[in-house]
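Chains A and B are the protein sequences, given in the same order.
Take 123 as the starting number for the first sequence in the working numbering and just add one per residue.
Take 32 as the starting number for the second sequence in the working numbering and just add one per residue.
Just so you know, the hints here were simulated from the structure itself, not pulled from any lab data.
No residue lacks a Cβ here, since even glycine has one placed at the ideal position from N, Cα and C.
There's no promise every hint is true.
For each label pair, taking beta carbons as the anchor points, the in silico distance ranges come out as [stated by the list, open to error]:
no. : chain 1 : residue 1 : chain 2 : residue 2 : range
1   : B       : 46        : A       : 189       : 19 to 27 Å
2   : A       : 189       : B       : 339       : 47 to 55 Å
3   : B       : 362       : A       : 161       : 54 to 62 Å
4   : A       : 154       : B       : 469       : 37 to 45 Å
Examples of chain B residues lying across from chain A (beta carbon under 10 Å, computed) [claimed, not checked]:
no. : residue
5   : 35
6   : 39
7   : 148
8   : 149
9   : 152
10  : 194
11  : 205
12  : 229
13  : 234
14  : 252
15  : 255
16  : 259
17  : 333
18  : 425
19  : 444
20  : 536
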Amino acid sequence: MSSARPAAADGAQGAQASASPPRAGRAQVDLERVKPYADHLDDGLMQLSFTLPVPYGLAARRAAQELAAKMGLEHPEVVHYERLTEGYTYFVMFGECVHSVDYASLSSESFDIEFMTEQEIEEYAHEHIGRPVVVVGAATGTDTHSVGIDAMLNLKGFHGHHGLEGYKVFRTYNLGSQVPNSVLVARAIDLGADAILVSQTVTQQNLHISNLTELVEIVEAEGQRKRLILTCGGPRVSNELAKELGYDAGFSKGTYPHHVASFIVRELAARLAESEEAPQSAQDGAWADGRGANAGAPRPRAPGADG
Amino acid sequence: MSKLGLDQGVVASCRAAAAQIAAQVAEEISSKTTVSVERTIARLLGIDGANALEVPLPNVLIDHVRDRRELDRGIAYWLGNALLADEARSPQQIAEAVDAGEMNLCELPRASEAAIRARVMGECEGRLEEISARMQERRELRERLGESPPPLRYVLTATGNVYEDVVHGLAVAEAGGDIVAVIRSTAQSLLDYVPYGPTTEGYGGTFATQENFRIMRAALDEWSKANGRYVRLSSFCSGLCMPEIAVMGAIEGYDNMVNDALYGILYRDINPVRGLIDQRASRTINGYFGVVINTGEDNYLRTADAVSAAPSVTASQFINRELARDCGVPDQQIALGDAFEIDMPVPNSLLLEWAQAQLTRELFPECPVKYMPPTRHMDGNLFRTHACDSLFNLVTIATGQGIQTIGVPTEGIFTPHVHDRVIGLQNTNYVFDAARDLGEEIEFKRGGIVQTRAQEVLAGAHALLQRIAEQGLFAALGEGVFGDVQRDAAAGRGAEGIVEVAEGYFNPLSELMRGAPSGV
C-alpha cells in the first residue's frame with residue numbers, strides 16, 4: 123500500500139525520512155495520500171468535540187454519529203456525551219477519516235522564507251537598506267488584545283526574543299489596540315512608514331477577515347499599496363490567508379519578532395532595489411482629523427464599528 | 032495568623048501611603064463632574080429610553096444643558112427647576128419634551144435654590160428607597176435559596192446575542208457556576224452613552240443595556256428558583272459610562288460589578304481624570320446598594336511581566352481598597368483583583384503564584400479577592416491550557432480566594448464556546464472538592480521560596496506606594512507604573528466630558544448616598 127517514492131526533493135522532512143532506513147515490515151508514509159495517524163499508519167483516527175442543540179438522550183447520540191459519518195468518519199464512536207442545559211448536548215467522538223491529502227504537492231508551496239538572527243538582520247539592513255526602517259503596528263478594529271502586537275514590537279518581546287523596538291534598524295510605533303484601520307493608515311502615512319503590522323488576536327464570527335480586508339482597501343484607496351509592506355498576524359491568520367486578502371505576508375502561531383523582521387528587511391531591500399527610490403515621508407496634515415473618537419453628540423453606531 | 036511571616040509594620044505603612052494617595056485623588060477631582068455622572072442622576076430620577084435617532088434620553092437631556100453651557104450647575108438643578116415649573120410633568124416627560132424641542136430647561140422661570148433642592152432631593156430619595164427595597168428583596172432571595180461556599184465560580188459569557196447568552200448562562204448555572212458575567216461588546220467601553228433595548232449583535236461580547244440586564248436576570252432567577260441555588264449576575268461598570276451602568280445594574284438587581292477605572296485608563300486610553308471621577312460615582316452607587324465590586328489588577332499582568340510586576344499588583348490593591356472605602360464601599364464588597372499569569376516554563380512558577388495568592392489573602396482578609404485564570408501565555412494548545420487551569424484551581428482553593436473566574440481550555444483562541452465553559456467548570460469543581468481543606472493543612476517553610484517571595488513582593492509594593500504617595504497617582508500613571516502603560520492626565524478619550532462645577536452645583540446622588548458635600 124505504500125509506494126517506494128524517493129524522498130521528497132523539497133524539504134527537511136523528506137531528507138529526514140530518508141536518513142533513517144526502514145526496519146523490516148515498517149510501513150512507509152505515502153506522501154500523496156496522507157491520513158491521520160493515531161497508533162497505526164493510515165488508521166485515520168480523529169477526535170472531535172462539539173455541541174448539538176438537541177436534548178440529551180439516545181436520539182442525540184445517534185444524531186452525532188450520523189453527523190460524523192456525513193463528515194467522512196467511519197466507525198464513528200461517541201466516547202462521551204452529556205447534557206449542558208435543557209436542549210443542548212455535548213459530545214466527544216472518535217472516528218476513522220476516509221479522506222486523505224496529497225502532502226507531496228502541498229509542502230513545496232508552504233511559506234518558507236529563510237529567517238535571520240537579530241544580528242544578521244541588523245547587518246543585512248545596514249548593507250541593503252542603509253537607513254532606519256519605519257514600522258507601524260496595531261491591533262485593529264474591535265480587537266482589544268494588544269498581546270500579539272506587543273510581543274512583536276515592544277522591547278521586551280516574547281519568550282526571550284526582542285521585539286522590533288530593540289533593533290537598531292527599526293523605528294517602531296505601536297499604536298495599541300482597538301485602532302480603527304483609517305487611523306492606522308493615516309499614522310503610517312504621516313510617519314512615512316515602510317511597513318504596517320496588524321494583529322488580530324481574539325475574533326468572533328470571522329470579524330478578522332472583514333477587518334483585514336478593509337485595511338487593504340484603505341491602503342489601496344490612498345495609493346500606498348506599492349510603497350507600504352503589509353503584514354498581519356494572529357492565531358487565526360495564516361500566510362495563505364494573508365496573501366489571499368492582499369497582504370505581503372501573514373504570521374501565525376509560533377512567530378517570533380525576528381521572523382517578521384527578516385521578512386520586512388528582505389522585502390524592503392527588494393523593493394528599494396527595484397525602484398531605486400527610497401520612500402518619502404508623507405506630509406499630508408489633513409489625515410490627522412480622520413479620527414473623531416467620541417467627538418460630538420452620541421450616535422449609536424454599528425456594533426463593532428467603534429472608533 | 033500569617034503563614035508568610037509578613038512584617039506588620041510594613042503592611043501598616045502600605046495602608047497609610049495608600050490612604051494618602053486616595054485622599055490626593057479625591058482632592059484633585061473634587062471640583063469636577065462629568066457628563067456620565069450627570070446622566071446617572073437623570074437615570075436615577077427615572078429617565079430612560081431613546082429617541083428616534085436612537086440617542087438615549089439621558090444623553091439628550093445632558094447635552095441640551097451642556098450645549099447651553101449651563102451644565103456646571105448640575106442636571107439636578109435644572110431638572111428640579113423644571114419639576115417646579117410644570118408640576119404635571121415627571122422627569123421622563125420633561126426629557127421627552129426637551130427631545131421634542133418643546134422645552135428649554137435653561138429658559139424656564141427660575142425657582143429659588145432652596146425650593147429646587149428640596150424638590151429634586153425629595154424625588155431622588157423616593158427613587159433610592161424604591162431601588163433599595165428591591166435590592167433588599169434580592170438579598171432575601173439570595174439568603175433563602177442559598178449560595179455555594181466560596182470561592183464563588185465566576186463564569187463569563189460573550190456571544191454577542193443576549194438570547195444566546197441566556198443559553199450559556201443556564202448551562203453555566205447547571206455546571207455549578209455561581210456568578211454569570213456577560214462580557215460587553217469590545218466597542219462599548221468607548222461609547223459615551225449606553226445603548227438602549229435588547230441587542231443580538233456584538234463582538235467579543237454583548238452590549239450592556241438595561242433590557243439585556245432584565246432578560247438575563249429573569250432567566251437566571253427562574254433557574255435559581257427551580258434549582259434551589261442562587262446564581263448571581265455581574266456586568267461591567269467600566270469605560271465611559273461607569274456610573275450609569277451602576278444605576279442600571281442596581282435597578283435590575285445585579286449582584287456584582289467589575290468596577291475599575293484603571294482598566295479603561297490603561298487599556299482603552301480613557302482620560303485618567305474622567306475615569307476616576309466616574310469611578311467615584313459608580314463605586315458610591317455600588318457601595319450603597321450592596322453590590323460587590325471587582326477591581327482589575329489582574330489585567331496588569333497581561334501586559335507586564337507577572338514575575339517582575341507583582342509588586343505593582345499588590346500596590347494597586349492597597350490603593351484600590353482605599354479608593355473604594357472612600358466611596359463608602361465596605362471590605363466585604365471589595366473584590367480586589369489578582370491573577371495567575373506567570374509563564375509556564377518559569378521554574379517554581381506554582382510556588383511564586385501560591386505566594387502571591389496567599390499574600391493577597393493575608394493583606395486583605397475581609398475582601399473577597401477575585402482571582403483570574405491564566406490567559407496571557409495560553410497559546411491555543413487547549414490541553415496545555417486545561418492542565419495549567421488545574422494548578423490555578425488548586426491555588427485558588429488552597430489560598431481561599433473569594434471569587435474565581437474559571438479558566439477555559441480555549442482561552443486565547445476565540446470567545447469560548449458553551450461546552451468550553453462547562454469543561455472549565457468541571458475542572459474547577461473537581462479540584463475544589465479534591466482539595467477543599469488543603470489550605471488548613473499547609474504551613475510554609477520559614478525563609479523558604481514562598482515566604483521569601485511574598486516578603487519581596489510586599490517590600491516592592493511598599494517602595495512603590497511610597498513613591499506614588501510622593502508624586503500622586505496621576506503622575507505615577509504618566510510614568511507607566513501599572514501594566515507598563517503610560518497615561519497622561521491631560522490626554523485620553525472622554526476628557527471633553529469633564530465639567531468644572533460652578534457655585535451652587537449639587538449632586539443629590541452623592542449627598543444622599545454618602546452625606547458627602549456637594550461637588551463630589
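Violations among the numbered hints, reported as their numbers in ascending order: 1, 4, 5, 6, 7, 8, 9, 10, 12, 14, 15, 16, 18 and 20
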